[in-house]
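Asker: Here is what each chain is made of, one letter per residue.
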Amino acid sequence: MVQKLDDYYADFVRTFGSVLFAVSLFVVWGLLTLIGVIVDQGKDPSIYFGSYPAPIARAILRLSFDNIYHSPWYVGIIGLILLSLTVCTFKRVIPARLPPLRPVTIDRIPLHASFELNGDESSVRARVESFFRKRGWQLRERTFDGTEWTFADKFNWARRGVLVAHIGFVIIAAGTTLYWARGFSGDTVVVTGQSVEIPQTKMILHLDNFAYTITPVMTKGGMVYQPTDYVSHVTVTGNDGVPKAMTVRVNHPIDVDKTLYYQASYGFAMRFHVAHNGTDVPALSQRVLLEGESFDVPGTRLAVSYDRFVPTVDRASGMPSADPRVNDPAVILSVANGGVDEGSALVPLHTWVDLGGGWRIVPDRCLLYSGFQYRYDPGIPLVGIGALVLVAGLLISFYFLPARLYARVDPGPGGRCTVGMAATTVKGYDMFESQFRGLVAEFSAEAQ
Amino acid sequence: MNGHLQADELLMIVAIASYIVGALALLAYFFTHEAWLRNLGVPLAVVGCVAQFAQLFVRWELTGIWPLLNLYGSLSLFAAMSVAIFLVMAWRYKAWYAGGFVLALAAIALAYGVTWNEGTMPAVPSLQSYWAKIHVPIVVSSYAAFLVAFVFSVIYLIKYYAEARIAAASGTVELAGTGMTMKISGDTPALAAAAANGNATAQWLQTLPSLAQLDVIVYRAVAIGLPLISIGIITGAAWAKEAWGAYWQWDPKETAALSTWIVYLAFMHLHTRNAWRGLRTNWVSVAGFMLVIFTYLGVNIWISGLHSYKV
Chain R
1 MVQKLDDYYA DFVRTFGSVL FAVSLFVVWG LLTLIGVIVD QGKDPSIYFG SYPAPIARAI
61 LRLSFDNIYH SPWYVGIIGL ILLSLTVCTF KRVIPARLPP LRPVTIDRIP LHASFELNGD
121 ESSVRARVES FFRKRGWQLR ERTFDGTEWT FADKFNWARR GVLVAHIGFV IIAAGTTLYW
181 ARGFSGDTVV VTGQSVEIPQ TKMILHLDNF AYTITPVMTK GGMVYQPTDY VSHVTVTGND
241 GVPKAMTVRV NHPIDVDKTL YYQASYGFAM RFHVAHNGTD VPALSQRVLL EGESFDVPGT
301 RLAVSYDRFV PTVDRASGMP SADPRVNDPA VILSVANGGV DEGSALVPLH TWVDLGGGWR
361 IVPDRCLLYS GFQYRYDPGI PLVGIGALVL VAGLLISFYF LPARLYARVD PGPGGRCTVG
421 MAATTVKGYD MFESQFRGLV AEFSAEAQ
Chain S
1001 MNGHLQADEL LMIVAIASYI VGALALLAYF FTHEAWLRNL GVPLAVVGCV AQFAQLFVRW
1061 ELTGIWPLLN LYGSLSLFAA MSVAIFLVMA WRYKAWYAGG FVLALAAIAL AYGVTWNEGT
1121 MPAVPSLQSY WAKIHVPIVV SSYAAFLVAF VFSVIYLIKY YAEARIAAAS GTVELAGTGM
1181 TMKISGDTPA LAAAAANGNA TAQWLQTLPS LAQLDVIVYR AVAIGLPLIS IGIITGAAWA
1241 KEAWGAYWQW DPKETAALST WIVYLAFMHL HTRNAWRGLR TNWVSVAGFM LVIFTYLGVN
1301 IWISGLHSYK V
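Heads up: the sequence lines are chains R and S, in that order. So in the numbering used here the end of the first sequence lands on 448, straight run, no missing numbers. So in the numbering used here the end of the second sequence lands on 1311, straight run, no missing numbers.
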């Protein structure tokens, strides 16, 4: 039983410690990520059936490709990658410290050279050591079977680069987990002059006013109405109970009690004057509807939906204009009777619409509303540190090549010595070939 | 204002013209190795690159708007950085032979970018951030480094398959290795023999660096691009955090960039394996660049999202 468990463990370590297995996981991760790029995420099933042949749409929904980044596949593959990263770190990266100092067969290492130099063994060895020491190589001597070897190492510390990168990845994962465990986020909409309470923080957010700037620009393709500013002036009351006036802009969130509030959206809320047989119905007339909201007409099966605000109606065509500035405003209203769509209409502001049965409504007053996102994320510092550590690990791994040089001096006849030299690196021989050639050429010129 | 705009367009014309003529000269150099072609093409590459950076600066100066906020500006920087990274690597590795391909791709990118030039547009609120001056150049530079890696990978693959054909024809498969320093990156004996026998293709292939040397250049280019795209994704996340409240929103552009990062990460991992280094990693580099193009252009143009800044 124990033997079997040992075998399973050995298989597990062998599999998850394999670089090719890690790369296979990368490939699956990359493919799943790409599926998420190509397939629209989080849409209604009807959208997929409208966009793809039925079998593909069904497959998208059954395999959770419509919400792939939160699917078991995606979370699972990230879990496997973290597991593989951990096993690789302990099996490969940490053990890959300084290679042992031991003699090698110089001729069998592809990067090798030999020289005949005048001088006795000790003076030639001194020249070899002086040459490498001057160039920043760390030297060590060892004697094996009566032969003295010189081992020279450079950028040995850079062997830790991969470990540093792996640690960075783990720190990022820890920061993200901290947000899942302790953080929260949400969004809210506030109409001008109104307040909302943020459920998680109990902070009161009052919108004093919202303004936006649209700049018309004549381009080669025609007139473009470019939004250039969205700004919310708010009064916030946080944990200290003191109201504070603040300004929220895109790219300029506000921080209230460590929760950040972001400018996210805006729109036009609408107040409708609703009358029945010529008498105002205050319960409906005092309501403020956001785009997409609706109300039921009492005593009927009618529901009126405020679909969209139209800032400017093109007078020539009577249709909504592309100009997003409020010049000649209207609303698009739709009416349903018993859940059956009765159609929609473009209704200019202050214009009555007769719903039948003595009911009339008029879009009376529009109010700007501002949409905010808020987020408390205690994992941000960790994610930031992890990102820096990851990049540092990549830079160390890519730009500092740990190399080991082996040199031995053998006395020869006639007061001459033979110097044998070979080099190994952690990234193969090709990567170091030109540098080795350069070293050999310099040594050859200097040591003669 | 018009005078400045004319200067802007004039510099763009100089850049495109330099790249086209330079590309032709260096492509001819790739096949003939006539030194005068290199001596013509390389200065033109430098002129085009300098003209492009000048054009971007002039555009920024005259409009007061950071010029990289649309495809026109970012493709312009992409072309300029591709040429700049190539020039540095070519100088370092004596790799001018690849210049024709890089300049041709830069000219195509630039010409395509011009079709997206809609004139001067103020930035939308989400783009009005200092991060635009950090994130965009870094990401575009990473794409440029991957373009250079792609070009060298293509040359590697051309040489690999041509050598393989010659070796198959002669029935030889052996690596070279002679001399005081064992020449691990030399041409195959089959290639040397075929060249000695007057095979024109073999003689031409011998003018190119060895496969091992090409592979090292590809590795070096990816080693520029991967940290850059990593920093680019991180700065993009920091910007998204500031603009939208979440550093990662699974936006198509973010996730496509993540896919690209994963492919090049796989490249680097595979490059540590002797059996995968060379042919396979160079195919990964080619696939990676296809993904770069999709991430850079495909997502902006075909898929709507937070990065759909088409003009």
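Some hints here could point you the wrong way.
As the list claims (entries may be wrong) - List time: in silico BS3-like cross-link candidates among lysine-lysine, alpha-carbon distance up to 25 Å: (1) K244(R) / K258(R); (2) K4(R) / K134(R); (3) K91(R) / K134(R); (4) K427(R) / K1159(S); (5) K427(R) / K1133(S).
Unchecked claim - Where chain S lies over chain R, by a calculated footprint (3+ residues, C-beta under 8 Å): (6) 25–31; (7) 189–200; (8) 213–221; (9) 287–293; (10) 327–337; (11) 357–367; (12) 391–401.
Read the hints as simulated data drawn from the structure, not as lab findings. Where is the CB? At the ideal position from N, CA and C, for every residue including glycine.
Asker: Determine for every hint whether it applies to the structure shown.
Answerer: Here is what the structure says about each hint:
| no. | hint | result |
| --- | --- | --- |
| 1 | K244(R) / K258(R) | 15 Å, holds |
| 2 | K4(R) / K134(R) | 55 Å, violated |
| 3 | K91(R) / K134(R) | 36 Å, violated |
| 4 | K427(R) / K1159(S) | 23 Å, holds |
| 5 | K427(R) / K1133(S) | 35 Å, violated |
| 6 | 25–31 | holds (count 4) |
| 7 | 189–200 | violated (count 0) |
| 8 | 213–221 | holds (count 6) |
| 9 | 287–293 | violated (count 0) |
| 10 | 327–337 | violated (count 0) |
| 11 | 357–367 | violated (count 0) |
| 12 | 391–401 | holds (count 6) |
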